[in-house]
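As you go down the protein sequences, you meet chains P and V in turn. The numbering of the first sequence is the numbering used here, which starts it at 6 and goes up by one. The numbering of the second sequence is the numbering used here, which starts it at 276 and goes up by one.
Keep in mind that the hints are not guaranteed to be accurate.
Label pairs and their calculated CB-CB ranges [what the hints assert, rightly or not]:
#1 V:Val332 to P:Pro125: 54 to 62 Å
#2 V:Leu407 to P:Ser11: 56 to 64 Å
#3 P:Lys181 to V:Ser326: 54 to 62 Å
#4 V:Ser326 to P:Thr136: 58 to 66 Å
#5 P:Ala258 to V:Ala399: 39 to 47 Å
Only part of the chain V face toward chain P is listed, based on derived beta-carbon distances under 10 Å [claimed, not checked]:
#6 Tyr303
#7 Leu356
#8 Ala377
#9 Pro491
#10 Leu531
#11 Leu532
#12 Pro535
#13 Phe559
To list a few chain V residues with every Cβ distance to chain P over 10 Å, as calculated [to be verified]:
#14 Gly344
#15 Val347
#16 Phe425
#17 Val433
#18 Arg443
#19 Leu453
#20 Gly509
#21 Ala522
These are calculated hints, taken from the structure and not from any lab test. All C-beta atoms, glycine included, are put in the ideal place defined by N, C-alpha and C.
What follows is each chain in one-letter form.
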Amino acid sequence: MDYLYSYLILAEIYVLLGLSTNLLVGVVGIFSVSQAAVFGVGAYIVGDCLLSGTLSFLPALALAAVACVLLNVLISLPSLRVSGDYFVVTSFGIQLLATATFTNWTWGTGGANGMPGVPPPDLFGASIESTRGILALTTMAMTLGCLAFWLILRAPFGRKLRAIREDELAVAAAGKGVLGAKVSAAAMAGAFAGVAGGLYATYLSFIDPSSFDLDASILLLTMVVVGGARTLWGSILGPFLLLALPQALTLLAIPTTYAATSRQLLYGGLLIAFALFRPQGLLGERL
Amino acid sequence: MLALQLLVNGIVTGSALGVVAVSFALIYATTRVFHVAHAGVYTLGGYLAWSLMRHGVPAIAALLVAMAGCVVLGSLIQILLYARLERRGAAQLVVLIASLGALAVIQNLIAAIYSPDILNFSAAWAGQVVALPGGLRLTGAQIATVVLDFAAFGATLVFAHRTLLGKRIRAVASNPFLAEITRLEPRRVHVYVMAIASALVCLPGVLGPLDYGLQPYGGVTPLLTATIAMIAGGIGSLAGAFGLAVAIVVLQNLALLVMPGEWSIGVTFAIFVVFMLFRPRGLFAGK
Numbered sequence: 006m007d008y009l010y011s012y013l014i015l016a017e018i019y020v021l022l023g024l025s026t027n028l029l030v031g032v033v034g035i036f037s038v039s040q041a042a043v044f045g046v047g048a049y050i051v052g053d054c055l056l057s058g059t060l061s062f063l064p065a066l067a068l069a070a071v072a073c074v075l076l077n078v079l080i081s082l083p084s085l086r087v088s089g090d091y092f093v094v095t096s097f098g099i100q101l102l103a104t105a106t107f108t109n110w111t112w113g114t115g116g117a118n119g120m121p122g123v124p125p126p127d128l129f130g131a132s133i134e135s136t137r138g139i140l141a142l143t144t145m146a147m148t149l150g151c152l153a154f155w156l157i158l159r160a161p162f163g164r165k166l167r168a169i170r171e172d173e174l175a176v177a178a179a180g181k182g183v184l185g186a187k188v189s190a191a192a193m194a195g196a197f198a199g200v201a202g203g204l205y206a207t208y209l210s211f212i213d214p215s216s217f218d219l220d221a222s223i224l225l226l227t228m229v230v231v232g233g234a235r236t237l238w239g240s241i242l243g244p245f246l247l248l249a250l251p252q253a254l255t256l257l258a259i260p261t262t263y264a265a266t267s268r269q270l271l272y273g274g275l276l277i278a279f280a281l282f283r284p285q286g287l288l289g290e291r292l
Numbered sequence: 276m277l278a279l280q281l282l283v284n285g286i287v288t289g290s291a292l293g294v295v296a297v298s299f300a301l302i303y304a305t306t307r308v309f310h311v312a313h314a315g316v317y318t319l320g321g322y323l324a325w326s327l328m329r330h331g332v333p334a335i336a337a338l339l340v341a342m343a344g345c346v347v348l349g350s351l352i353q354i355l356l357y358a359r360l361e362r363r364g365a366a367q368l369v370v371l372i373a374s375l376g377a378l379a380v381i382q383n384l385i386a387a388i389y390s391p392d393i394l395n396f397s398a399a400w401a402g403q404v405v406a407l408p409g410g411l412r413l414t415g416a417q418i419a420t421v422v423l424d425f426a427a428f429g430a431t432l433v434f435a436h437r438t439l440l441g442k443r444i445r446a447v448a449s450n451p452f453l454a455e456i457t458r459l460e461p462r463r464v465h466v467y468v469m470a471i472a473s474a475l476v477c478l479p480g481v482l483g484p485l486d487y488g489l490q491p492y493g494g495v496t497p498l499l500t501a502t503i504a505m506i507a508g509g510i511g512s513l514a515g516a517f518g519l520a521v522a523i524v525v526l527q528n529l530a531l532l533v534m535p536g537e538w539s540i541g542v543t544f545a546i547f548v549v550f551m552l553f554r555p556r557g558l559f560a561g562k
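Throw the hints in and build the complete structure from the sequences for me.
Here you go:
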């Protein structure tokens, strides 16, 4: 039962990350392999605040969200001005830089040894220690996130984002701001990733750089590609499916030293297969 | 004295990355694919040469066989992946995702076959230290690197400007549509370019690890530096890509005087941001 709960909690956190990546990759249409870095910044900020006791859970989560919004806007702003391929370089660069920072900035992140003992989340003074309580919290966060995503895509603003993907020039010619819309979408993606990071740090109570590296970013991208771009159901299906897959792999009795390798191999294979044969993913629209 | 040694080390490593940048620039200018999986081809070269040399194959023969292996891999990626996606009219984003998938597959297959950990790759001649005037010390591997990489760069320039195939490649790069109707067969040229660039990138892929050891995921950082050099040098300028790669690595090495090596990725990325903000076209861009 505990095992099922832990799967659900992690999957729900990854749904938030899937929404975040989907906003960038599916909606704005930029290739991103740095969402795990933003996720990590959120996790470390909440971890630091709670460990030092300067802020309680909700304000810390808000701080993480704001920081990640700023970070994501800062990352995407210069690249939105130039060719899309340049964003690939930015994205890889940010991810490698973030990993270097998480690993080497021992004072703020605990370095390669990680940050142990992050206290459990608390709401209005009451600490949530039971797995069930945390599951309720992540379910609430996921529902809010999904609702926000659904509303955004339905609103006139969402239609504008779709239109930009279809024909950017036409939108600009119709007098609508293109850059502003893209930056807003990137900002929302940052907020989702920041909140997910905070939930992740408080649930696991231990974080280390390996959860926020390039491989983690590739996993997030795979979730969006497999689930499907630009739809709510795609963003929910992807994380639930891909977090269940490693469990299926354990049935194959692969030695533990090769567990991570075989998982990444599978994700790579999925990326190629979906790009070739089903670019719209299982429940999404065409990328 | 330390500064001089760092400067020389920078030129040595820079010439290796220069060849990576030139090979990437050839592919990008001709096929318009941001070939992220090139990092995997680079890594494969080193591992192939390592296995051969461990079984007593002489270094030159091992290098040539490794090059052949890289040519096969690069051409297969072009034929099985990029050409198919192009025929289906896939969006640039989908091609990038497929390329990232290919990178993940190559890296993790290498990790599964050899080992996910760093492998020591050495040869007697490569470790020999030669003392030069001025207190400079270079290893055999470093001397081979600087000589062979500068030679490879020169040969590529001569090839691109003096040979029929080189001119054909440049014609396809400068105007794919015109190349199509004048029967230059762009699709076939794309395969040739991938083959040539894969052979080229194998050279630093084998020589670099003689200095630093082999790592399945070790191709990403060199490729990132190389792409930054290509963008800073100006898309379409091979000499620009090579020159900027040397300049960036020299700067990285000189930065070691004031800060520890873990942060050198930060230096590279800072250079990229400066170019993004002030001269996104690069220094020596063509039209």
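Hint-by-hint comparison with the structure:
Take Val332 of chain V and Pro125 of chain P: their Cβ atoms lie about 58 Å apart, and the range 54 to 62 Å holds. Evaluation of the 56 to 64 Å hint for Leu407 of chain V and Ser11 of chain P yields a pass: the beta carbon distance comes to about 60 Å. At roughly 57 Å, the beta carbons of Lys181 of chain P and Ser326 of chain V sit within the given window of 54 to 62 Å. For the pair Ser326 of chain V and Thr136 of chain P, the supplied restraint of 58 to 66 Å is violated, since their beta-carbon distance comes to about 48 Å.
One distance hint, 39 to 47 Å for the beta-carbon pair Ala258 of chain P and Ala399 of chain V, holds here, with the actual separation near 42 Å. Given the 10 Å rule on beta carbons, the hint for Tyr303 of chain V holds: about 8 Å separates it from the nearest Cβ of chain P. Because the smallest distance between the Cβ of Leu356 of chain V and any Cβ of chain P comes to about 7 Å, under 10 Å, the interface hint for this residue holds. Because the beta carbon of Ala377 of chain V sits about 6 Å from the nearest beta carbon in chain P, less than 10 Å, this interface hint is met.
The beta carbon of Pro491 of chain V is positioned within 10 Å of a beta carbon in chain P (closest approach about 8 Å), and the interface hint is therefore held. Given the 10 Å rule on beta carbons, the hint for Leu531 of chain V is violated: about 14 Å separates it from the nearest Cβ of chain P. Hint status for Leu532 of chain V relative to chain P: violated, with the closest Cβ pair at about 18 Å, above 10 Å. Given hint, Pro535 of chain V at the interface with chain P, holds; its Cβ is 8 Å from that chain's nearest Cβ, closer than 10 Å.
Taking 10 Å as the C-beta cut-off, the interface hint given for Phe559 of chain V is violated, the closest approach to chain P being about 17 Å. At roughly 19 Å, the least C-beta separation between Gly344 of chain V and chain P is larger than 10 Å, which holds for a residue marked as non-interface. The non-interface label for Val347 of chain V is consistent with chain P: the shortest C-beta to C-beta separation is roughly 18 Å, beyond 10 Å. Remark: the non-interface label on Phe425 of chain V is consistent with the geometry, its nearest Cβ contact in chain P lying 25 Å away (cut-off 10 Å).
With a closest Cβ-Cβ approach of about 28 Å to chain P, Val433 of chain V is found to remain outside the 10 Å limit, as its non-interface label requires. With a minimum CB-CB distance of about 24 Å to chain P, Arg443 of chain V clears the 10 Å threshold, and the non-interface call stands. Interface exclusion of Leu453 of chain V from chain P stands, the closest Cβ pair being 22 Å apart, more than 10 Å. With a minimum CB-CB distance of about 13 Å to chain P, Gly509 of chain V clears the 10 Å threshold, and the non-interface call stands.
Taking the minimum C-beta to C-beta distance to chain P, about 17 Å, the non-interface status of Ala522 of chain V holds against the 10 Å cut.
Going through the hint list in order, the structure does not satisfy hints 4, 10, 11 and 13.
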